[in-house]
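Novice: Could you build all of it, start to finish, from the sequences and the hints given here?
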Amino acid sequence: MSGYILRRLIYGVFVLIGVNVLTFALFFFVNTPDDMARAQLGAKRVTPEAVEKWKLERGYHKPLFLNDKVSGFERVTETVFYDKSVKLFAFQFGESDQGRNIGYDISTRMWPSLAVQLPAFLIGLLVYISFALLMAFFRATVLDFWGVVLCVLMMSISTLFYIIGGQFIFGKLWNLVPISGYNGGFDAIKFLALPVLIGVISGIGGNARWYRTIFLEEINKDYVRTARAKGLSEARVLFRHVLQNAMIPILTGVVVVIPLLFMGALITESFFGIPGLGSYTIDAIGQQDFAIVRVMVFLGSVLYVIGLILTDLSYTLVDPRVRFS
Amino acid sequence: MTLFPFRFELLWTDALVWLLVAAIAGYAAYASARPHLRAPWSRVSRSASGIAAAVILATFVLAGLLDSVHYRPLLPPQDGKLAYATEVRSLLDRVLEPLRVKREKTYSAPLATHLYAKETLQLPDGREVREFPRLRHGGAHLKDPAADRAGDIALRGFRGLAVALLLWFTAAVALGAAVAQRSGIGIDAAWNDIWRGRTAVPWRAALGALAVLAVIAGPVVALAPHYHVFGTDKVGQDVLYQALKSIRTGMVIGTLATLVMLPFALVLGVMAGYFKGRVDDMIQYLYTTLSSIPGVLLIAAAVLMMQVYIENHAALFPTTEIRADVRLIALCVILGVTSWTGLCRLLRGETLKLRELEYIQAAHAFGVSHWRVMMRHVMPNVMHIVMIALVMDFSGLVLAEAVLSYVGVGVDPSMISFGTMINSARLEMAREPMVWWSLAAAFVFMLALVLAANIFADAVRDAFDPRLVRAGAAA
Numbered sequence: 001m002s003g004y005i006l007r008r009l010i011y012g013v014f015v016l017i018g019v020n021v022l023t024f025a026l027f028f029f030v031n032t033p034d035d036m037a038r039a040q041l042g043a044k045r046v047t048p049e050a051v052e053k054w055k056l057e058r059g060y061h062k063p064l065f066l067n068d069k070v071s072g073f074e075r076v077t078e079t080v081f082y083d084k085s086v087k088l089f090a091f092q093f094g095e096s097d098q099g100r101n102i103g104y105d106i107s108t109r110m111w112p113s114l115a116v117q118l119p120a121f122l123i124g125l126l127v128y129i130s131f132a133l134l135m136a137f138f139r140a141t142v143l144d145f146w147g148v149v150l151c152v153l154m155m156s157i158s159t160l161f162y163i164i165g166g167q168f169i170f171g172k173l174w175n176l177v178p179i180s181g182y183n184g185g186f187d188a189i190k191f192l193a194l195p196v197l198i199g200v201i202s203g204i205g206g207n208a209r210w211y212r213t214i215f216l217e218e219i220n221k222d223y224v225r226t227a228r229a230k231g232l233s234e235a236r237v238l239f240r241h242v243l244q245n246a247m248i249p250i251l252t253g254v255v256v257v258i259p260l261l262f263m264g265a266l267i268t269e270s271f272f273g274i275p276g277l278g279s280y281t282i283d284a285i286g287q288q289d290f291a292i293v294r295v296m297v298f299l300g301s302v303l304y305v306i307g308l309i310l311t312d313l314s315y316t317l318v319d320p321r322v323r324f325s
Numbered sequence: 001m002t003l004f005p006f007r008f009e010l011l012w013t014d015a016l017v018w019l020l021v022a023a024i025a026g027y028a029a030y031a032s033a034r035p036h037l038r039a040p041w042s043r044v045s046r047s048a049s050g051i052a053a054a055v056i057l058a059t060f061v062l063a064g065l066l067d068s069v070h071y072r073p074l075l076p077p078q079d080g081k082l083a084y085a086t087e088v089r090s091l092l093d094r095v096l097e098p099l100r101v102k103r104e105k106t107y108s109a110p111l112a113t114h115l116y117a118k119e120t121l122q123l124p125d126g127r128e129v130r131e132f133p134r135l136r137h138g139g140a141h142l143k144d145p146a147a148d149r150a151g152d153i154a155l156r157g158f159r160g161l162a163v164a165l166l167l168w169f170t171a172a173v174a175l176g177a178a179v180a181q182r183s184g185i186g187i188d189a190a191w192n193d194i195w196r197g198r199t200a201v202p203w204r205a206a207l208g209a210l211a212v213l214a215v216i217a218g219p220v221v222a223l224a225p226h227y228h229v230f231g232t233d234k235v236g237q238d239v240l241y242q243a244l245k246s247i248r249t250g251m252v253i254g255t256l257a258t259l260v261m262l263p264f265a266l267v268l269g270v271m272a273g274y275f276k277g278r279v280d281d282m283i284q285y286l287y288t289t290l291s292s293i294p295g296v297l298l299i300a301a302a303v304l305m306m307q308v309y310i311e312n313h314a315a316l317f318p319t320t321e322i323r324a325d326v327r328l329i330a331l332c333v334i335l336g337v338t339s340w341t342g343l344c345r346l347l348r349g350e351t352l353k354l355r356e357l358e359y360i361q362a363a364h365a366f367g368v369s370h371w372r373v374m375m376r377h378v379m380p381n382v383m384h385i386v387m388i389a390l391v392m393d394f395s396g397l398v399l400a401e402a403v404l405s406y407v408g409v410g411v412d413p414s415m416i417s418f419g420t421m422i423n424s425a426r427l428e429m430a431r432e433p434m435v436w437w438s439l440a441a442a443f444v445f446m447l448a449l450v451l452a453a454n455i456f457a458d459a460v461r462d463a464f465d466p467r468l469v470r471a472g473a474a475a
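Chains as they are written, first to last, in this note's numbering: chain P, 1 to 325; chain X, 1 to 475.
Hints in this document: simulated from the structure, not taken from any laboratory. Not one of these hints is a red herring.
Derived DMTMM-like pairs (lysine to aspartate or glutamate); straight-line CA-CA distance at most 25 Å:
(1) Lys118(X) <-> Asp148(X)
(2) Lys230(P) <-> Asp319(P)
(3) Lys53(P) <-> Asp283(P)
(4) Lys69(P) <-> Glu49(P)
(5) Lys53(P) <-> Glu311(X)
(6) Lys69(P) <-> Glu57(P)
(7) Lys221(P) <-> Asp458(X)
(8) Lys69(P) <-> Asp34(P)
(9) Lys118(X) <-> Glu428(X)
(10) Lys62(P) <-> Glu78(P)
(11) Lys353(X) <-> Asp319(P)
(12) Lys53(P) <-> Glu78(P)
(13) Lys143(X) <-> Asp125(X)
(14) Lys87(P) <-> Glu74(P)
(15) Lys62(P) <-> Asp83(P)
(16) Lys87(P) <-> Asp34(P)
(17) Lys143(X) <-> Glu131(X)
(18) Lys69(P) <-> Asp83(P)
(19) Lys143(X) <-> Glu119(X)
(20) Lys105(X) <-> Glu432(X)
(21) Lys221(P) <-> Asp465(X)
(22) Lys55(P) <-> Glu311(X)
(23) Lys234(X) <-> Glu97(X)
(24) Lys55(P) <-> Asp105(P)
(25) Lys234(X) <-> Glu131(X)
(26) Lys53(P) <-> Asp83(P)
(27) Lys172(P) <-> Glu428(X)
(28) Lys353(X) <-> Asp312(P)
(29) Lys69(P) <-> Glu52(P)
(30) Lys172(P) <-> Glu432(X)
(31) Lys105(X) <-> Glu87(X)
(32) Lys353(X) <-> Glu217(P)
(33) Lys234(X) <-> Glu428(X)
(34) Lys276(X) <-> Glu356(X)
(35) Lys353(X) <-> Asp222(P)
(36) Lys221(P) <-> Glu350(X)
(37) Lys221(P) <-> Asp462(X)
(38) Lys55(P) <-> Glu95(P)
(39) Lys276(X) <-> Asp312(P)
A quick note: this is a predicted structure, and the numbers were derived from the prediction, not measured.
Specialist: Following this line, the structure appears as structure tokens:
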């Protein structure tokens with residue numbers, strides 16, 4: 001068991017190295033730091049001096065991989081690759097192109113993100129699975145049919161419309177909650193209610209249909225027939241046997257996103273003005289702040305890799321076959 | 001030297017779109033001659049929801065294809081010299097010419113005769129009043145808009161509806177005659193079959209979808225030349241025109257991105273599953289690495305880099321259309337390169353199963369090369385997965401375009417798309433009084449397109465997935 005987990009961890013580190021090299025190539029080979037400087041400064045202010053100054057202020061003036069001007073170990077460490085990529089592994093995120101400390105920004109901004117994402121995730125899971133179980137229970141009836149139709153209809157609507165519509169109805173028409181904004185403490189609830197609600201609703205279509213498919217696949221298996229033959233009620237078959245056995249495919253999709261909840265939701269946060277990591281990323285994209293985007297790419301993959309390892313761990317909890325092998 | 005009245009312009013996306021059309025036509029010709037390839041498609045055509053969705057989709061595709069033939073018209077001679085316009089138009093622009101040219105000053109509500117904002121007007125006697133000015137084009141033929149507008153709209157709408165229903169009825173009669181001819185029964189019997197849904201191909205569903213289209217499109221077509229059916233936006237452009245132009249952008253992204261993704265997924269997936277061992281490890285590592293980066297972030301990073309490239313090489317892109325077009329292609333490529341991992345994983349799994357089967361072992365025993373085994377024995381047997389993935393991805397990509405354009409990493413801001421429409425309209429909801437029609441138009445068109453695509457994709461999946469087909473046959 002521990003050997004298995006160790007192997008997965010080492011594999012995860014290799015994946016992160018791959019991500020790191022890939023982003024480095026994307027950000028420094030497709031365009032040189034000079035190109036980025038020119039794009040940031042704007043066409044009018046581009047002079048060779050301004051470009052050099054821009055690069056010096058942000059540490060892009062060093063050579064990419066090997067520094068010939070210094071000797072010894074510093075030949076490797078005094079480079080852009082070491083500064084901007086290797087240091088990410090130590091969670092030293094450095095400064096954004098605007099000169100702010102990225103590590104500090106992330107540590108303050110991840111909590112509002114989590115405050116939206118975690119309730120939306122938990123409530124969502126409950127709603128989607130209940131809805132899907134309900135459809136599976138009434139399978140091949142009118143109720144199931146219209147449930148699926150509703151799901152397909154709901155998944156055909158862009159997230160943007162859920163947000164705009166929700167803000168319009170709950171914020172403007174009924175005046176129940178402020179349209180956007182954020183505040184700490186207990187006050188946060190009134191700001192969070194709508195984003196959470198919309199996060200849940202916009203996911204119903206796709207998720208409920210997906211879980212329904214999983215349940216229906218289980219329902220046709222032999223052990224379910226045996227359970228029915230024993231004379232168990234349909235509800236007991238569904239909630240006790242099918243739900244438990246469907247946990248493996250469900251966990252595969254669910255556990256992996258848990259760490260990513262920290263990253264926040266790009267669109268939701270920017271529409272509702274929540275100062276989380278999602279709006280942080282959107283702002284960085286808008287300002288063409290390459291340093292922040294690079295860090296967020298790395299952070300996202302770290303969290304994803306953690307999610308993968310958690311998924312493996314969770315299998316051992318719900319599936320005895322994995323535990324004892 | 002005489003000049004043609006127009007010159008065709010083949011934009012990069014046009015070329016790819018028509019290449020795709022040719023490929024689909026080729027596939028259709030190839031498949032129709034082979035019963036095993038024809039079978040799943042005839043199963044699709046037997047699904048009522050599938051055929052209804054196909055009718056709606058075909059309408060969208062028609063608009064998209066018309067919008068993919070570009071040309072530059074000849075300008076009226078100036079100083080005896082002839083020249084082509086610098087602006088590139090499409091056939092759809094030509095069809096919608098009245099909508100495109102009839103610009104108002106700023107916002108006007110759907111079917112309005114007056115602007116949505118008050119302006120200071122000068123009366124003939126010199127006094128100044130604050131009033132809603134008349135529109136330049138919307139309802140300009142009315143003498144007394146307040147009294148005549150409702151009646152005029154109702155009359156024109158009703159006339160359009162009548163013509164559309166007449167056309168629908170003609171189509172239905174022709175269909176009845178065709179069915180009667182084919183199955184060798186009388187027209188009455190054929191009609192009875194269609195009406196009760198007893199024909200092999202559910203024509204009733206197709207006619208139903210067509211009727212819905214006719215009821216909606218008839219009045220719109222009749223009213224569009226005289227009113228702004230969906231109103232006008234901030235700069236006075238007709239919203240219906242924008243919505244129709246958005247179709248092409250959505251379709252190009254939905255199809256070309258999957259086209260880019262396909263070779264990666266197919267080659268790498270089949271190779272990983274077939275060779276196993278070290279090749280498999282490498283490919284698995286590659287797609288785990290790529291898929292570990294959250295999708296939007298990877299796309300955003302790549303698009304940012306592309307923007308920097310375009311800004312620094314402005315000389316390569318002489319006109320706005322070309323720049324927007326290149327950006328659209330780049331976006332498709334980026335979407336494709338970042339999204340092949342899912343399909344690759346599926347194909348790898350399927351190939352792993354296939355390579356252990358007897359017929360592949362037999363091929364090995366006969367000394368068939370790896371290349372030939374993969375091409376002739378593995379590829380054709382994973383095609384159903386590819387087909388399902390192709391149609392399933394379409395709607396997701398159309399939705400993704402809107403989100404990416406909102407984030408600022410989507411299509412060029414000068415290109416009309418659902419994303420740019422929503423993006424520029426979302427602040428109008430907060431206006432007093434509210435401007436809702438741009439969003440409403442984007443919502444209706446997008447919902448119709450994505451819903452039809454989703455329903456059609458479900459029909460294709462049901463017809464191609466061997467597990468579902470077998471379950472259906474047993475039930």
